[in-house]
Every structure is written in C-alpha cells, then in structure tokens.
Amino acid sequence: MLTIQHINKAFQSHTVLDRVSVELPEGQVLAVLGRSGCGKTTLLKTIAGLLAPDAGSIKWAGESINEVPPREREMVYLFQEPLLFPHLSVFENIAYGLHVRKTPEAEVQNKVQSMLRELELQEHAQKKPGQLSGGQRQRVAFGRAIIFLPRVLLLDEPFASLDAQTRSAMQKLFLRLARKYGITALFVTHDVKEALLIGDCFAYMAAGQLTLYRSKAAFMDDPATGVQEELAFWNNIEHNIPTNDK
Amino acid sequence: MTILEHRLSTRTKHGSGVYLRLLFLLLAAAPVAGGLLYGLAYSFGLTGALSSGFTLQHWQQVLASGVLLQSLAYSLYIAFAAITLATASSLFLSLYFQKSLRTGLLSYLLYLPLTIPAVVMGFLVFQLFTKSGLVSRMSYGLSWISELQQFPDLVHDSIGFGIILAHTLMAVPFLTLLFHAIYREQNLGQLQQVSENLGAGKVYFVRHIAVPMLLKTAAPNLLLYFIFILGAYEVPLLIGSQQHPMVSVLAVQKFQRFNLLDIPQGYAISVAFTLFVLLLLTISFKKLQRHA
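Here the protein sequences come in this chain order: X and C.
Taking the numbering used here, the leading residue of the first sequence gets 312, the next gets one more, and so forth.
Taking the numbering used here, the leading residue of the second sequence gets 148, the next gets one more, and so forth.
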C-alpha cells in the first residue's frame, strides 16, 4: 500500500501542497480530479522522487521511501508529453526499463513483443517516435512505463493532448491493462468524465489540498467536483443549447 | 484575386526565386568553381608562366612521389585526433557541468578562447611546449628534468602533439556551446528525468541517450569542423613537423618555391584536396540523411 502522510511543498512562499495525505491499496487506481495549477503535478513528482517534500512522509508497504532516489523507487511518473527517446525505435523505447534492469535478452524480446501486441503497435516496432502519431507515441510511453511492472504508476493528464476519439481509445486501453497487470496508479485529470471512467477510488484537489472520498457516490455528490453540474448540463442539453427554430 | 492576377503573382514569385538562385551562384558558387577550374587548367599545363599546352606530367609527379598521399594521411590523422579529443572533452563539459554552463563562471570563460585567432593559439602552444618553453622550464625548476634538452619534442614533432593540442583547445569551447545548445533544444534535461524514473543511473543515461543524441544532432557540424582542421594552414605552419607537412602547408610550399615548375604541382595538390573534401562531404551527408 502507498501511504502519504501530511506532505507539504512550497516554492518560495507559495504553498503548492498543503498537508496532503493519501492511502492507496495495491491494484487500485486513484483518480485525482483538479483544475490547472492546483498542485497535481507537484504531488505526482513528489511521490516519484523528482521533487523533495518540505515535510511529511511517503511510505510503501509501511517503509518510508523519502530518502530513496527516484531510480530506485519503482514509481514511474508518466509525463503529460510522451517524452520518448527520439533516436531509439519503438521496440527499444519500450525495452528501456528492462535493459536498465539487465533483463536477459530472450525475456526482453518476449515481454516487448507481448507489450507491442497489447498496444497494437506490432507493425510499428522498428519505427522512430518521429514517425508515429500523437496517440501512438502516448501508447509507447505507457508501454515503456508498465513493462517492468512498477510499484506505482503516476499519470499526469497523459491523454490531455489527444483528440476525443484517440483519448477514449487510450482510456479503454489503460483500463484493460490496469486490470490485467493489477497496476496501482494515481491518475491525475481535469476531466470529470475521465476521472469517473478510470478511477476505483476518487480524490479532488484544490489549492494544494486533497480531499479523498469514501465512495464514487460521495465524489459525485460533492458540488466542488463539478460532477453534478456536468450531469445537469447533459440532462438539460435541449434547454442549454439555443435553437434557431423560431 | 482573379485567375490572371494569381498567375502573375505566381510568376513574379517564381521569377524572384530564379534571380535569388542566380545571385547565390554568382556570389558563392562561381568564385569557388572558377578557382577550381583555374587550378585544374594550371595543373594540366593549360595556363601559367611556363605553360606549354596540355600535360599530365604535373599530376603524375605529384601522385608518383607519394607525398600527396602521405600528407593527406597525416592531415586525416591530425584532424581525426583533434576532433575526437575535442568532442570527448566538450561532451564531458556539457554533460557534467550543466549548471556552470547555464549560469556559472564557465558560461563566460568559455567565450574567451573563441576570440583567440588560430595563429595566436599556435604561438601560445609553441611558447608553452617548446624545449625552452614555459612547461619545460617549470619541469626543470621542479627538477623533473636535469636539462631543458630532456624535455620531449611536443612542438614540430612528427606525431603532431602541438597541432592536435592547439586545434583541440580552439574546438572545445565551440563544441561545448554547440552541445549545450542541443542539450537544451532536445529537452535532454527532461529525458534524463524520464530515464531516472525508469530506473537508469546518470552513466546509463549519458551512454545510451545523451551521447548518441548529441552526436547524431551535431554530426554535420562535427564533419565541417573536421574538414576545417583537415585544411588548416596557420597552426601546422607554425608548430607542425617539417618532415610531415599537412596538405595546405605542402601546397603552399610548392607555390612559394623559386622553381616555377613546382607551381602546377601546388595547384594539382590543391585541386586533389578540394575534390577529396567534396567527395567526403557528399558521402557523409548522404549517410547522415539516411540515418536522420
């Protein structure tokens, strides 16, 4: 279980994380909803070890990992942009984490081929990132992050830059693979629908403070999350859009 | 816009493109091509003070003596050694001194050697590493050597230590700034975070991501700098070996001799070197394009 207790983080005098606490059981996906600038990215980077917290503790299975360097945490932060290594092929990008861990070559071949099939990228294996579409690049980044089964996957609005259709396909792919590999993940998004679709448990973040909900219903009922507003909009869609029939 | 107006405007654009290309040819390509043709004509005995009509004699003399091939091989060795050392040093600086290069003292100091002309750099290396130079006298002062003559030949030597050092010193600031710019432009800082996040240490990232990316992007510039060293004149003239002249020194030696019959050989050497460089450029750029 990932346990975060009272984490604080400030840049100069501006507090970005204000006593944030989270408990995330293994194999669960926590959807964190929040607007731009609420501290979501800082939270994920702090868990990944890319930023050091000013106070508070981060624990995995009861042991503090505050002092563990990012490369030893096994908590992969998936950036908003795919950030693939441009000189490596799709295959080599996905295999990167396995090569780092000195996995035997036969095992690398098997795992990467299997991941390519999952991602439906078999025919693009030897292509360079520059030859792929935005959605394909994001799929490669996703495959590269999960192939060595990290403890926690930290996703920072990974599908935000994709068009609606590709985004929907990526959400389904994420859900399928998350279930298959039992991925523990923090999925940050500003999209209510995406949060509801992806999450097993839910949180809302505003001005550096995180609110955890006991259930999906509690999350939906809280006016701050905007779920009710969104539902009301779609329920009254005919009244919301003016027509030119008159 | 009517169809006629559109056609007229397209024609005007097309016309100005042709004039620009002609201007480029006139200013950049024509002088080089003209010089090359004149050199060719001179080397074949078609022009010059003692010209006696078309002959292959000068080319035969140059090629038969083997001096051109020796000089070319020596120049290639010097250029390869200097560019390799400079590239390695610059990669080290740009990868391990990122902060100093961005805001520290190094960001200012690096520009200093760029202002030093090649002749001055050659003279500086001469002053430092000749048998009576500063390093030799310091070694004597520290009793590492019992007399100045014991100091090794580092200038005018056949392995070209002095030339390689001078060119390396001149290339390092330029290449460091180049690599630093590529590092930022290619977002290598963030890629390092990604790599670290996937479990890789700094050395693994440098070896598998940073160095290949920097070298691949800088390859055309490295090639051009290699050719610049290959054809360099002042430094090898000042501190190069008398027995092993680099190509440009060899050509100028032929031009400046009292024997006027040597001049066509000088042109033959120059033309052969130019053709070699053009061939090298063509093959290398084709290879680079294929791997782009």
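Don't read these hints as lab results, they were simulated from the structure.
Predicted, not measured: the structure shown is a model, and the values here were computed from it.
Treat the hints with care, since some could be wrong.
[To be verified] Derived list of chain X stretches under chain C, where covered just means 3 residues or more per stretch with a C-beta under 8 Å from a C-beta of chain C:
1. 391–398
2. 452–460
[As the list claims (entries may be wrong)] No more than 27 Å apart at the CA atoms, straight line, and that leaves these computed lysine-lysine pairs for DSSO-like:
3. X/Lys439 to X/Lys422
4. C/Lys363 to X/Lys356
5. C/Lys363 to C/Lys278
6. C/Lys349 to X/Lys439
7. C/Lys434 to X/Lys413
8. X/Lys370 to C/Lys246
9. X/Lys439 to C/Lys363
10. X/Lys413 to C/Lys246
11. C/Lys434 to X/Lys438
12. X/Lys438 to C/Lys363
Every residue, glycine too, gets a C-beta built ideally from N, C-alpha and C.
Tested hints:
1. 391–398: holds (count 4)
2. 452–460: holds (count 3)
3. X/Lys439 to X/Lys422: holds (19 Å)
4. C/Lys363 to X/Lys356: violated (30 Å)
5. C/Lys363 to C/Lys278: violated (41 Å)
6. C/Lys349 to X/Lys439: OK: C/Lys349 and X/Lys439 at ~23 Å, within 27 Å.
7. C/Lys434 to X/Lys413: Answer violated: C/Lys434 to X/Lys413 is near 32 Å, above 27 Å.
8. X/Lys370 to C/Lys246: violated (32 Å)
9. X/Lys439 to C/Lys363: Roughly 14 Å separates the two Cα atoms, so the pair holds.
10. X/Lys413 to C/Lys246: violated (31 Å)
11. C/Lys434 to X/Lys438: holds (18 Å)
12. X/Lys438 to C/Lys363: holds (17 Å)
Hint check: violations occur at hints 4, 5, 7, 8 and 10; the rest are consistent with the structure.
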